[in-house]
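Student: Next come the chains, spelled out residue by residue.
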Amino acid sequence: MYPADLRYSKEHEWIKAEGGTGRVGITHHAQQALGDVVFVELPAVGRQVTAMGTFGVVESVKAVSDLYSPVSGEVVEVNTALEAKPELVNSDCYGAGWVMAVRLADPAQLEALMDAAAYQAFLASEGGQ
Amino acid sequence: MPAPDPPLLTTPLHAQHRSLGAKLVPFGGWEMPVQYRSILEEHRAVRTAAGLFDVSHMGVVEFAGPEAQALLQELTCNDLTRLQVGQIHYSALTTEAGTFVDDLTVARLEAQRYLVTVNAANLAKDLAWIDARARGRGGVRDRSPEFALLALQGPRAAEILQPLTATPLSAIRYYWVAPGTVLGHAALLSRTGYTGEDGFEIYLAPQHAEAVWEGLLSAGPPLGLVPCGLGARDTLRLEARMALYGNDIDEAHTVLEADLGWIVKLEKGEFVGRAALARQKAEGVRRKLVGFEVLGRGIARQHYPILAAGRPVGEVTSGAPSPTLGKPIGLGYVAAEHAAVDSQIEILIRETPVPARVVPTPFYKRPR
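Chains A and B, in that order, give the protein sequences.
Letter 83 of the first sequence, counting from 1, is numbered 83 in my numbering, and no numbers are missing.
Letter 195 of the second sequence, counting from 1, is numbered 195 in my numbering, and no numbers are missing.
Hints in this document: simulated from the structure, not taken from any laboratory.
Honestly, I wouldn't trust all of these hints.
Each computed DSSO-like pair below joins lysine-lysine, with the alpha-carbon atoms no more than 27 Å apart [what the hints assert, rightly or not]: (1) LYS265/B x LYS327/B; (2) LYS23/B x LYS268/B; (3) LYS265/B x LYS85/A; (4) LYS62/A x LYS365/B; (5) LYS281/B x LYS265/B; (6) LYS62/A x LYS265/B; (7) LYS85/A x LYS327/B; (8) LYS10/A x LYS23/B; (9) LYS23/B x LYS62/A.
Modelling step: build the complete structure from the supplied sequences, incorporating the hints.
Tutor: The structure is reproduced here in structure tokens:
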């Protein structure tokens, strides 16, 4: 449920380092807590994002939730497949359900994020799983 | 230190919801299942087969005796003299201004005995309202603790229920109620619901609720029955254009503004709010609850502003993605000049005006 090669944020986003960029999505815990995802508002390519700042929105049937960037940088790619198939966030949150890719302003920010074990401990302390 | 919140109430089926892995949330002072597996799945099940809802949190108030009808006639806007024994109608408790204290159904169980089903969140308010005006008349009794309420809804509801009851269900017409049994337990079978589908709201003694719930959930799944929570209940009722108290109707909006004029029977005689409603009917409403569909990308939600040509003309009261229609829909009050079907409006979604259009409602009508 929490792949070992990813880093995780307290806002339940994951990031995968791919050279100088990071691919970002939401974790299994987040998609499960949301329920059926029916809409994703993606950022514009070229937009600057800031670590822990909002960059978009994910909506379930009943609720609207902000998406927080785990890192600072420039959005270089967004997953437009989510426009027609937002449910990919539920069915494949680490794969086809990815949300955006960011050119990292500061790769050291990845170190500040949790690894899989730390994220699971964080979830346990929050009462989730 | 602030006082802790009072503990949430639970229905007789709470343990069942837990064991089914339901996501439980606070609702009107109760801890209720919002979904079991998926709101979309549960919604589709009700539209294609059947769903089972625990709505035992709802309030049930009895009016009985020789003054029951007169009291109800005074307090509600619909006309009870037309209600036959065994028949049910949708109505409202209205204020002097013709606005909603609550919306409700009235079931005439016997010539002088009526069962009124009200929203859970409004029960205490409704009882106080009624008591203040009844002055001891009308045999009013809060019977909520005496009933659990299960709603079995969907095109296959009758097929699923029939083997479990001796009552021939084909004899119960839509918006009629009959006493019967389910799995041998005494029940009121009310052919009503909040989904826009055929179905039954089953009134039971609380101690029999588990047996009936379990009985339905073992007999039903081969025919497509699934347990359903409040999440699906909300998307279903919205598609059927059924108002939700606190969203679409409240003490700030009249029955006519809510476009529910069909439950207002001015000719029946005096009732609380009659003068205000008669005046408003003569003058015309200045704002109206309309249905709309969103044409651009985005989901309308409660409180989002409604614009016309960039200027504010109203507000969304309910909004959601419609699983049946495959597009976002909603209800909202708009200034009367923008209420006609096909009026072009915009919904302000996070600072972006998204095009929408006023459409006829209900958004969905079950095939007959």
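Student: Determine for every hint whether it applies to the structure shown.
Tutor: Comparing the hints with the structure gives:
Taking the CA atoms of LYS265/B and LYS327/B, the gap is near 35 Å; set against the 27 Å cutoff, the hint is violated. The straight-line distance between the Cα atoms of LYS23/B and LYS268/B is roughly 45 Å, outside the 27 Å bound, and the hint therefore fails. Restraint check for LYS265/B and LYS85/A: not satisfied, since their Cα atoms lie roughly 48 Å apart, outside the 27 Å limit. Simply put, LYS62/A and LYS365/B have alpha-carbon atoms about 23 Å apart, close enough for the 27 Å limit, and the pair holds.
For the hint pairing LYS281/B with LYS265/B, the CA-to-CA distance comes to about 11 Å; that is within 27 Å, so the pair holds. Under the criterion of a C-alpha separation no larger than 27 Å, the hint pairing LYS62/A with LYS265/B is inconsistent with the structure, at around 36 Å. Proposed proximity of LYS85/A and LYS327/B is supported: the alpha carbons are some 13 Å apart, at most 27 Å. With a C-alpha separation of about 22 Å, the suggested pair LYS10/A and LYS23/B falls inside the 27 Å cut-off, and the hint holds.
A distance of roughly 13 Å separates the Cα atoms of LYS23/B and LYS62/A; the hinted pair therefore holds under the 27 Å criterion.
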